[in-house]
Amino acid sequence: MESNEQPKKGTISIIVDIFKRSAGAMLVPVLAVFTAMLVGALVIWGAGGNPIAAYIGLFEGAFGTARALSETTVWATPYIFAGLAVALAFKGGLFNIGAEGQLALGAVAAAWIGYALPDVLGVQIPGFIHLFLVVVGGLLAGALWGAIPGWLKAKTGGHEVINTIMMNYIALNMVSFLLNGVMKDPNPLNVIARTPLIASGARIPAIIEGYRFHWGFILALVVAFFIWWLLWKTTLGFEIRTAGANPDAAKYAGINVARTIVLTMAISGTLAGMAGVIEVTALNYRHELGFSQGYGFDAIAIALLGKTHPLGVVLAAILFGAMRNGATRMQFMTQIPVDVIQVIQALILLFVAADAIIRYIYRIRTSEERMVLTRGWGG
Amino acid sequence: MELRRFAFIALIIVVMFGTIVAIGSSRTSPGILIVSMLATTIAVATPLTLGALSGLYCERAGVVNIGIEGMMLASAFFGWFAAIYMNTILKMPPLLSLWLGVLAAIVTGGLMGLLHAVLSVTFKVDQIIGGTVINLLAVGISGFFNRQLFFEKGSIFGGQVPHAPGTLPAFHVPILADIPVVGRIFEQQPIAISAILLVFFTHYVLFYTRWGLRTRAVGEHPRAADTVGINVARMRYANVIIGGLMAGLAGAYFTLESVPSFEPGMTNGRGFISLAAMIFGNWSPFGAWSAALVFGAAQALQINLQFFRELIPPQWAFLQQASIVGLVPYLLTMLILTGIIGRTTPPAADGVPYEK
Numbered sequence: 100m101e102s103n104e105q106p107k108k109g110t111i112s113i114i115v116d117i118f119k120r121s122a123g124a125m126l127v128p129v130l131a132v133f134t135a136m137l138v139g140a141l142v143i144w145g146a147g148g149n150p151i152a153a154y155i156g157l158f159e160g161a162f163g164t165a166r167a168l169s170e171t172t173v174w175a176t177p178y179i180f181a182g183l184a185v186a187l188a189f190k191g192g193l194f195n196i197g198a199e200g201q202l203a204l205g206a207v208a209a210a211w212i213g214y215a216l217p218d219v220l221g222v223q224i225p226g227f228i229h230l231f232l233v234v235v236g237g238l239l240a241g242a243l244w245g246a247i248p249g250w251l252k253a254k255t256g257g258h259e260v261i262n263t264i265m266m267n268y269i270a271l272n273m274v275s276f277l278l279n280g281v282m283k284d285p286n287p288l289n290v291i292a293r294t295p296l297i298a299s300g301a302r303i304p305a306i307i308e309g310y311r312f313h314w315g316f317i318l319a320l321v322v323a324f325f326i327w328w329l330l331w332k333t334t335l336g337f338e339i340r341t342a343g344a345n346p347d348a349a350k351y352a353g354i355n356v357a358r359t360i361v362l363t364m365a366i367s368g369t370l371a372g373m374a375g376v377i378e379v380t381a382l383n384y385r386h387e388l389g390f391s392q393g394y395g396f397d398a399i400a401i402a403l404l405g406k407t408h409p410l411g412v413v414l415a416a417i418l419f420g421a422m423r424n425g426a427t428r429m430q431f432m433t434q435i436p437v438d439v440i441q442v443i444q445a446l447i448l449l450f451v452a453a454d455a456i457i458r459y460i461y462r463i464r465t466s467e468e469r470m471v472l473t474r475g476w477g478g
Numbered sequence: 012m013e014l015r016r017f018a019f020i021a022l023i024i025v026v027m028f029g030t031i032v033a034i035g036s037s038r039t040s041p042g043i044l045i046v047s048m049l050a051t052t053i054a055v056a057t058p059l060t061l062g063a064l065s066g067l068y069c070e071r072a073g074v075v076n077i078g079i080e081g082m083m084l085a086s087a088f089f090g091w092f093a094a095i096y097m098n099t100i101l102k103m104p105p106l107l108s109l110w111l112g113v114l115a116a117i118v119t120g121g122l123m124g125l126l127h128a129v130l131s132v133t134f135k136v137d138q139i140i141g142g143t144v145i146n147l148l149a150v151g152i153s154g155f156f157n158r159q160l161f162f163e164k165g166s167i168f169g170g171q172v173p174h175a176p177g178t179l180p181a182f183h184v185p186i187l188a189d190i191p192v193v194g195r196i197f198e199q200q201p202i203a204i205s206a207i208l209l210v211f212f213t214h215y216v217l218f219y220t221r222w223g224l225r226t227r228a229v230g231e232h233p234r235a236a237d238t239v240g241i242n243v244a245r246m247r248y249a250n251v252i253i254g255g256l257m258a259g260l261a262g263a264y265f266t267l268e269s270v271p272s273f274e275p276g277m278t279n280g281r282g283f284i285s286l287a288a289m290i291f292g293n294w295s296p297f298g299a300w301s302a303a304l305v306f307g308a309a310q311a312l313q314i315n316l317q318f319f320r321e322l323i324p325p326q327w328a329f330l331q332q333a334s335i336v337g338l339v340p341y342l343l344t345m346l347i348l349t350g351i352i353g354r355t356t357p358p359a360a361d362g363v364p365y366e367k
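Going down the list, the sequences are from chains U and Z.
Counting along the first sequence from 1, when you hit position 134 you're at 233 in the numbering used here, and nothing is skipped either side.
Counting along the second sequence from 1, when you hit position 68 you're at 79 in the numbering used here, and nothing is skipped either side.
Among the clues, some could well be false.
Said to hold, decoys possible - Short derived list, chain Z residues pointing at chain U, Cβ under 8 Å: (1) Leu107; (2) Val150; (3) Leu338.
Calculated from the structure, these hints are not laboratory results.
Keep in mind it's a predicted model, so treat the numbers as computed, not measured.
From the three backbone atoms N, C-alpha and C, an ideal C-beta is built for every residue, glycine too.
Sequences and hints are given; from them, build the entire structure.
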């Protein structure tokens with residue numbers, strides 16, 4: 100009889116164990132968010148507002164109606180992709196500050212293939228193939244923009260933080276040049292730096308008519324699961340994590356560290372590029388200047404709040420998306436400027452990164468090792 | 012500086028000045044063109060020079076600072092706000108208001124520096140993340156208070172931006188500014204002049220004083236410094252706060268010297284160009300300054316080309332676009348980092364928290 104019961108107990112205790120572990124892992128992030136909201140409330144109160152009314156407005160704006168919920172997923176989608184990009188690089192011991200540029204280039208490449216390729220080739224491209232080309236083109240652009248700093252790091256030792264920052268601005272200047280010049284929507288009524296609309300065949304149709312909720316969000320969840328599988332169930336994932344945790348040990352274990360660095364950055368860039376591709380194919384059907392302002396830096400906060408775990412990243416991205424989305428209603432109802440959300444998000448990053456503050460306030464024992472992310476410019 | 016890199020910088024400057032002379036010489040004499048380019052270059056290089064000095068103090072002491080951009084932005088806002096507050100609410104004379112604004116900007120920068128020091132020295136947070144916190148926070152608080160203080164109903168200025176007290180008046184450098192033609196270069200606004208003085212001052216402090224020696228020791232080999240009795244944490248705190256003050260003065264340039272207004276996000280990446288200038292200049296004050304001048308010259312070229320719009324051959328018309336000239340600092344910095352044009356050597360302990 101005992102042998103019959105034990106496996107049952109075993110499964111239950113495993114589930115309990117997983118819950119305990121994830122509750123333990125989530126404790127600091129949850130308290131960090133709570134503390135940041137508390138400080139945010141003080142800022143709102145100090146500026147003469149009512150924090151409770153503001154947060155009610157924020158919540159209603161993010162989850163109150165079906166439309167609000169739909170808009171929250173729209174905000175969360177690029178955050179998930181960009182957050183995964185940064186988190187994956189962290190796992191590989193690399194700091195990708197370049198998600199912003201990778202995203203923008205992915206979007207521009209996708210938009211160009213989407214509106215111009217049929218004319219350039221002079222042929223009618225069937226919808227499905229066209230969409231495929233748009234997606235692949237956008238992802239390749241992102242991958243390339245990620246792989247270059249990876250390659251520079253592997254070859255010359257140039258620190259990826261500096262190179263990704265530089266490449267952000269190179270990308271943003273290039274995109275601005277293109278969208279104000281050759282790629283600008285030629286419609287005589289248009290004064291905005293944006294591309295023409297992409298061909299209707301290359302668009303991903305809406306899921307529910309009248310709502311902006313789109314397939315990109317579902318794809319983001321699938322990709323998050325894929326990244327988890329890649330990191331923990333494949334050889335490549337093992338190599339990425341080993342090279343990240345201890346490059347010297349990885350070298351002695353026979354892992355080609357230089358190749359792993361380039362690959363990690365390329366995959367990271369692809370993920371960021373995906374955020375841009377989805378914006379073009381599933382949401383706006385064009386690329387507009389200024390779409391991506393700030394996603395790259397927010398993604399760092401999201402990756403850290405999610406403890407660089409794909410599931411954590413998804414939750415953190417939804418939280419950030421909800422805040423950004425709900426902020427508009429908050430401002431409408433209480434006249435508290437939307438910018439307070441950015442203050443709260445910066446504070447979340449602060450409390451997650453300086454978890455000693457949180458542990459001190461709430462008297463939590465230190466249980467895990469400190470995360471070492473960068474090792475200085477000298478590399 | 013290595014000869015190879017010096018030659019490289021000289022070449023870029025010659026190319027840029029050559030371009031403006033080649034295009035404009037049919038209408039204006041080359042001498043006047045070069046003087047005008049130089050004057051603009053020094054002016055627009057001001058925030059880059061100060062930003063690079065900000066990074067220099069921090070990194071020479073072993074603390075990486077990618078938060079220069081945020082420090083500048085927050086200081087630009089609070090300096091501007093203070094100047095308007097003094098002028099409109101407290102009815103102070105414009106010039107005094109402006110100078111108090113500069114002071115407020117510097118204090119704001121110092122406080123941001125203090126935050127960076129608390130995070131990176133006391134809590135040993137990853138310094139790149141500490142810088143990111145500062146950048147995000149600066150965008151948030153400057154945007155929040157800009158809307159809250161100026162545009163909300165019932166705000167202290169009654170819901171509209173009051174008339175700003177203008178910008179800091181140009182300073183006439185005695186004797187030098189009286190030289191015909193060339194004198195124009197020495198007709199600069201006060202923050203531009205202080206930036207240059209601070210380059211010399213920083214060089215002196217870093218390499219000829221006990222303080223500088225200790226700062227460099229803490230950045231190169233904190234354990235050795237600790238062993239001989241230098242307080243590593245205190246040196247790092249002090250230098251990061253000084254770095255913050257520099258970034259604060261750079262912020263004041265935007266709203267009190269360059270234009271009399273504030274726009275959200277108006278620093279527009281110049282904090283990161285400063286970081287690039289510091290790296291390009293190989294972590295030395297004069298190197299950083301020359302890099303800031305190179306990057307400034309690129310911007311000056313684009314500004315001065317506007318005067319000769321119709322003289323520019325169509326195939327070179329793209330040079331007038333800010334986004335093309337904007338590429339220069341970033342591309343050059345990446346090139347430098349590859350090691351093709353001489354090696355760059357950051358302080359050995361740069362970015363590494365010190366564990367006793």
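Evaluated hints:
Taking 8 Å as the C-beta contact cut-off toward chain U, the hint placing Leu107(Z) at the interface is violated, the least distance being around 28 Å. A hinted interface residue such as Val150(Z) counts as satisfied when its beta carbon comes closer than 8 Å to some beta carbon of chain U; here the least separation is about 6 Å, so the hint holds. Given the 8 Å rule on beta carbons, the hint for Leu338(Z) holds: about 5 Å separates it from the nearest Cβ of chain U.
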